[in-house]
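Engineer: From just these sequences and the hints, can you work out the full model?
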Amino acid sequence: MIDRRSAIFLDRDGTIIEEVNYLSRPEQVHLLYGVGDVLNTFSKMGYLLVVVTNQSGLARGYFNEAELKKIHDRMAELLEQRNVKIDAVYHCPHHIDGIIPEYKIRCNCRKPAPGMWFQAAKDLDIDLGNSWTIGDKLIDLQAGDAAGTKVLMVETGYGREERLKLPSGWISVPDMTAALDYIVRYRNENL
20 MIDRRSAIFL DRDGTIIEEV NYLSRPEQVH LLYGVGDVLN TFSKMGYLLV VVTNQSGLAR
80 GYFNEAELKK IHDRMAELLE QRNVKIDAVY HCPHHIDGII PEYKIRCNCR KPAPGMWFQA
140 AKDLDIDLGN SWTIGDKLID LQAGDAAGTK VLMVETGYGR EERLKLPSGW ISVPDMTAAL
200 DYIVRYRNEN L
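In the numbering used here, the protein residues as written are 20 to 210.
The hints are simulated quantities; they were obtained by calculation from the structure and are not laboratory data. Think of the CB as a built atom: it goes at the ideal place given N, C-alpha and C, for glycine as much as any other residue. Keep in mind that the hints are not guaranteed to be accurate.
The calculated lysine to aspartate or glutamate pairs, modelled on EDC-like cross-linking and capped at a C-alpha distance of 20 Å, are [what the hints assert, rightly or not]: (1) 89 / 106; (2) 169 / 121; (3) 169 / 144; (4) 89 / 38; (5) 89 / 37; (6) 89 / 46; (7) 89 / 99; (8) 63 / 200; (9) 63 / 86; (10) 88 / 37; (11) 104 / 142; (12) 184 / 174; (13) 169 / 208; (14) 88 / 46; (15) 123 / 99; (16) 63 / 144; (17) 184 / 194; (18) 123 / 84; (19) 123 / 92; (20) 104 / 92; (21) 169 / 146; (22) 88 / 99; (23) 123 / 86; (24) 141 / 106; (25) 88 / 121; (26) 141 / 164; (27) 63 / 106; (28) 63 / 146; (29) 104 / 144; (30) 88 / 38; (31) 104 / 37; (32) 63 / 37; (33) 184 / 164.
Ranges between beta-carbon positions, derived for each pair [what the hints assert, rightly or not]: (34) 189 / 126: 21 to 27 Å; (35) 208 / 116: 40 to 46 Å; (36) 142 / 186: 26 to 32 Å.
Structural biologist: Below you can see the structure in the form of structure tokens.
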């Protein structure tokens, strides 16, 4: 069993749930195939499960915080049906091109900045050096790398196109099941 303070940081759209452009309604939330089983296994391995997601739709006025909460509640409900509990969800509402004044700023939480990782580490006492970031976009991995986690791209969502942007030595895998296999293999080789 690993230290409970290690975490798997997960992008939301295209990694846990199907990619929908500016997802704004709970009924649009659908888990990607196999994600429930994978996250359940990560949890049993002792990892905290932390979702980190850019939500510029808030800054752009496409939806509000209450609507976003309903979306996250729906994701949690679908995962709970598969015996998965997300330990925390962090979202960045900001975008410099937004129309909502309080969100129309440059911030340190919008990926590729690592602010959400640092906040989660503080809130949950996470050891970033023994944690992983999994996402379908280069900015997910850049944020995780800047925070000091190991990084892994899944080729779901935007991942097939985004993998072409990966720096030398960074890894992509087809899906979350392959991500689990990779992390288990990595742990076994590095014990």
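Engineer: For every hint, state whether the structure bears it out.
Structural biologist: Outcome of the hint check:
A C-alpha spacing of about 17 Å is found between residue 89 and residue 106, which places the hinted pair at or below 20 Å, so the restraint holds. Between residue 169 and residue 121, the direct Cα distance comes to roughly 33 Å. Violation of the 20 Å bound is thereby established for this hinted pair. Annotation: proposed proximity of residue 169 to residue 144 holds, straight-line Cα distance about 17 Å (limit 20 Å). A hinted pair counts as satisfied when its Cα atoms are at most 20 Å apart, and residue 89 with residue 38 qualifies at roughly 17 Å.
Note on residue 89 and residue 37: the hinted pairing holds, with a Cα-Cα distance of about 16 Å set against a maximum of 20 Å. Distance check on the hinted pair: residue 89 and residue 46 sit about 10 Å apart at the alpha-carbon level, within 20 Å; holds. Proposed proximity of residue 89 and residue 99 is supported: the alpha carbons are some 15 Å apart, at most 20 Å. About 14 Å separates the Cα atoms of residue 63 and residue 200, which keeps this hinted pair within 20 Å; it holds.
For the given pair, residue 63 sits about 31 Å from residue 86 by alpha-carbon distance, which is inconsistent with the 20 Å threshold. Taken as a hint, the residue 88 and residue 37 pair is honoured in the structure, with Cα atoms around 17 Å apart against an allowance of 20 Å. With a C-alpha separation of about 17 Å, the suggested pairing of residue 104 with residue 142 holds against the 20 Å cut-off. Straight-line distance between C-alpha atoms of residue 184 and residue 174 comes to about 12 Å, which keeps the hinted pair within the 20 Å bound.
For the hint linking residue 169 to residue 208, the alpha-carbon distance of about 15 Å falls within 20 Å, and the restraint holds. The hinted pair formed by residue 88 and residue 46 meets the criterion: a straight-line CA distance of about 13 Å does not exceed 20 Å. Annotation: proposed proximity of residue 123 to residue 99 is violated, straight-line Cα distance about 34 Å (limit 20 Å). A C-alpha spacing of about 19 Å is found between residue 63 and residue 144, which places the hinted pair at or below 20 Å, so the restraint holds.
As the CA atoms of residue 184 and residue 194 are separated by approximately 17 Å, the hinted pair is consistent with the 20 Å bound. At most 20 Å may separate the alpha-carbon atoms for a hinted pair to count; residue 123 and residue 84 meet this at roughly 15 Å. Taking the CA atoms of residue 123 and residue 92, the gap is near 26 Å; set against the 20 Å cutoff, the hint is violated. For the hint pairing residue 104 with residue 92, the CA-to-CA distance comes to about 11 Å; that is within 20 Å, so the pair holds.
For the suggested pair residue 169 and residue 146, the alpha carbons sit about 12 Å apart, so the restraint of at most 20 Å is met. Of the pairs offered as hints, the one joining residue 88 and residue 99 holds, with about 16 Å between alpha carbons and a cut-off of 20 Å not exceeded. With a C-alpha separation of about 19 Å, the suggested pairing of residue 123 with residue 86 holds against the 20 Å cut-off. Between residue 141 and residue 106 the CA atoms are separated by roughly 14 Å; this keeps the pair inside 20 Å, and the hint holds.
Taken as a hint, the residue 88 and residue 121 pair is honoured in the structure, with Cα atoms around 18 Å apart against an allowance of 20 Å. Restraint check for residue 141 and residue 164: satisfied, since their Cα atoms lie roughly 17 Å apart, inside the 20 Å limit. Only pairs whose Cα atoms come within 20 Å are accepted, and residue 63 paired with residue 106 is accepted, the gap being roughly 13 Å. Proximity of residue 63 to residue 146 is assessed by CA-CA distance (about 18 Å); at most 20 Å being required, the pair is judged to hold.
Between the alpha carbons of residue 104 and residue 144 the distance comes to roughly 18 Å, so the proposed pair stays at or under 20 Å and holds. Simply put, residue 88 and residue 38 have alpha-carbon atoms about 18 Å apart, close enough for the 20 Å limit, and the pair holds. At most 20 Å may separate the alpha-carbon atoms for a hinted pair to count; residue 104 and residue 37 meet this at roughly 19 Å. Annotation: proposed proximity of residue 63 to residue 37 is violated, straight-line Cα distance about 24 Å (limit 20 Å).
Of the supplied pair hints, the one linking residue 184 and residue 164 holds, its CA atoms being roughly 15 Å apart against a limit of 20 Å. The supplied range of 21 to 27 Å is met by residue 189 and residue 126, whose beta-carbon atoms lie about 25 Å from each other. One distance hint, 40 to 46 Å for the beta-carbon pair residue 208 and residue 116, holds here, with the actual separation near 44 Å. The hinted range of 26 to 32 Å is satisfied by residue 142 and residue 186, whose Cβ atoms lie roughly 29 Å apart.
Violated hints, in rising order: 2, 9, 15, 19 and 32; the structure is consistent with all others.
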